[in-house]
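The listed protein sequences correspond, in order, to chains A and B.
Read in order, the letters of the first sequence correspond to residues 1 to 131 in this note's numbering.
Read in order, the letters of the second sequence correspond to residues 132 to 251 in this note's numbering.
Because the hints were derived from the structure by calculation, they are not lab data.
All values reported here derive from a predicted model rather than from experimental measurement.
Heads up, the beta-carbon is just placed ideally off N, CA and C, and yes, glycines get one too.
Mixed in with the good hints, there may be bad ones.
[Claimed, not checked] What follows is a list of derived Cβ distance ranges for each label pair:
1) A:34 with B:246: 41 to 49 Å
2) A:32 with B:230: 16 to 24 Å
3) B:249 with A:94: 17 to 25 Å
4) A:108 with B:228: 31 to 39 Å
5) A:125 with B:190: 28 to 36 Å
6) A:57 with B:187: 29 to 37 Å
7) B:156 with A:34: 44 to 52 Å
[What the hints assert, rightly or not] Residues on chain B that point at chain A, a partial pick, calculated with CB under 7 Å:
8) 155
9) 158
10) 170
11) 181
12) 222
13) 224
14) 238
15) 242
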Amino acid sequence: MIYWYVGIGGIIGALLRYGVSLAFNSFWSGVFPMATLTTNLLGSCVLGWLTSYLSKNKRLSKELYTGLGTGIIGSFTTFSTFSVETVKLMENAHLGLAFLYVMVSLFGGLLLSYAGYRAGEKMLQRTGGAS
Amino acid sequence: MFINVLLVGIGGFFGAISRYWISGKFNKKGDLKFPYGTLIVNLVGAFLLGLITASSLSASWQVLLGTGFMGAFTTFSTFKLENIQMHLKRQRNVLIAYLAASYIGGIILAFLGMMISVNY
Numbered sequence: 001m002i003y004w005y006v007g008i009g010g011i012i013g014a015l016l017r018y019g020v021s022l023a024f025n026s027f028w029s030g031v032f033p034m035a036t037l038t039t040n041l042l043g044s045c046v047l048g049w050l051t052s053y054l055s056k057n058k059r060l061s062k063e064l065y066t067g068l069g070t071g072i073i074g075s076f077t078t079f080s081t082f083s084v085e086t087v088k089l090m091e092n093a094h095l096g097l098a099f100l101y102v103m104v105s106l107f108g109g110l111l112l113s114y115a116g117y118r119a120g121e122k123m124l125q126r127t128g129g130a131s
Numbered sequence: 132m133f134i135n136v137l138l139v140g141i142g143g144f145f146g147a148i149s150r151y152w153i154s155g156k157f158n159k160k161g162d163l164k165f166p167y168g169t170l171i172v173n174l175v176g177a178f179l180l181g182l183i184t185a186s187s188l189s190a191s192w193q194v195l196l197g198t199g200f201m202g203a204f205t206t207f208s209t210f211k212l213e214n215i216q217m218h219l220k221r222q223r224n225v226l227i228a229y230l231a232a233s234y235i236g237g238i239i240l241a242f243l244g245m246m247i248s249v250n251y
């Protein structure tokens with residue numbers, strides 16, 4: 001049952017995200033949402049890699065692949081928190097930081113997703129297919 | 132601390148399954164190669180998290196529904212991956228429309244959710 005893989009992946013992904021936010025809380029007290037940004041950029045890179053590299057792996061079942069990508073990485077990253085944090089920055093008159101947050105998420109996310117995707121393709125070529 | 136881990140986990144479980152279910156329903160409709168499922172999930176999630184964040188719900192409810200459920204229900208990585216796939220297929224206009232709808236829509240809906248919650 002694929003829903004179980006996605007659900008258990010969701011538990012792991014959400015807890016990892018929560019762990020990152022707690023870790024950042026211990027040393028980052030600025031208003032800029034560093035934890036969510038780190039989570040989202042890292043997750044974009046890993047999902048890009050997973051999609052180009054692991055999706056071709058015949059040994060990995062469709063269920064496990066969906067659990068990893070849609071479940072863990074999908075839940076590790078978040079769009080709702082990003083949106084709310086942007087509004088909060090704007091409400092507190094940090095317009096420059098809000099703009100910076102949107103731009104770094106937008107272009108940084110694209111760049112890292114692409115980098116992960118390409119890295120996966122390169123690894124696939126080098127190993128002649130994941131084994 | 133331990134109770135929060137439990138709450139985030141429970142929220143993450145149901146958030147991820149709900150996203151998977153909605154994505155499956157909407158992402159493959161007809162020949163339209165547009166990820167409506169991801170867009171719907173992200174916009175609805177942004178609005179609902181706005182409602183939750185600005186509400187008077189207790190910290191535990193916030194952790195369960197906000198950090199757990201909405202955090203896992205919405206996704207940034209899949210959104211970015213779909214952006215890259217549009218780029219690789221040279222669907223430039225579709226990519227720009229998707230980016231604009233997600234970012235502008237998400238921020239406006241989060242704002243609306245917070246406004247409604249504060250004034251309710």
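Q. Are residue 155 (chain B) and chain A close enough, Cβ to Cβ, to be under 7 Å, as the hint says?
A. Residue 155 (chain B) check fails; min Cβ-Cβ to chain A is 10 Å, beyond 7 Å.
Q) Are residue 125 (chain A) and residue 190 (chain B) spaced within 28 to 36 Å by their CB atoms? A) 50 Å, violated
(Q) I want to verify a distance hint. Is the separation of the beta carbons of residue 156 (chain B) and residue 34 (chain A) within 44 to 52 Å? (A) 35 Å, violated
Q: With a cut-off of 7 Å on the beta carbons, see whether residue 224 (chain B) makes it to chain A.
A: 16 Å, violated
**Q.** C-beta pair residue 32 (chain A), residue 230 (chain B): status relative to the range 16 to 24 Å that was hinted
**A.** Holds, since residue 32 (chain A) and residue 230 (chain B) (Cβ atoms, about 22 Å apart) stay within the stated range.
Q) Against chain A, with CB atoms and a cut of 7 Å, does the hint on residue 158 (chain B) hold up? A) 11 Å, violated
Q: Could you check the hint for me, namely that residue 108 (chain A) and residue 228 (chain B) are 31 to 39 Å apart, CB to CB?
A: 21 Å, violated
Q.
Just to be sure I understand the hint, the distance between the Cβ atoms of residue 34 (chain A) and residue 246 (chain B) should be within 41 to 49 Å; is that true here?
A. About 26 Å separates the Cβ atoms of residue 34 (chain A) and residue 246 (chain B), which means 41 to 49 Å is violated.
(Q) Just to be sure I understand the hint, the distance between the Cβ atoms of residue 249 (chain B) and residue 94 (chain A) should be within 17 to 25 Å; is that true here? (A) At 19 Å between Cβs, range holds.
(Q) For the restraint on residue 170 (chain B), tell me whether the closest CB of chain A is nearer than 7 Å. (A) The hint is violated - residue 170 (chain B) has no Cβ within 7 Å of chain A, the shortest such distance being about 10 Å.
Q | When the least beta-carbon distance from residue 238 (chain B) to chain A is tested against 7 Å, hint result | A | 5 Å, holds
Q.
Given a cut of 7 Å on the nearest C-beta pair, is the interface hint for residue 242 (chain B) held or broken against chain A?
A. Because about 5 Å separates residue 242 (chain B) from the closest Cβ in chain A, which is inside the 7 Å limit, the hint holds.
In this structure, the earlier hints numbered 1, 4, 5, 6, 7, 8, 9, 10, 12, 13 are contradicted, and the remaining ones agree with it.
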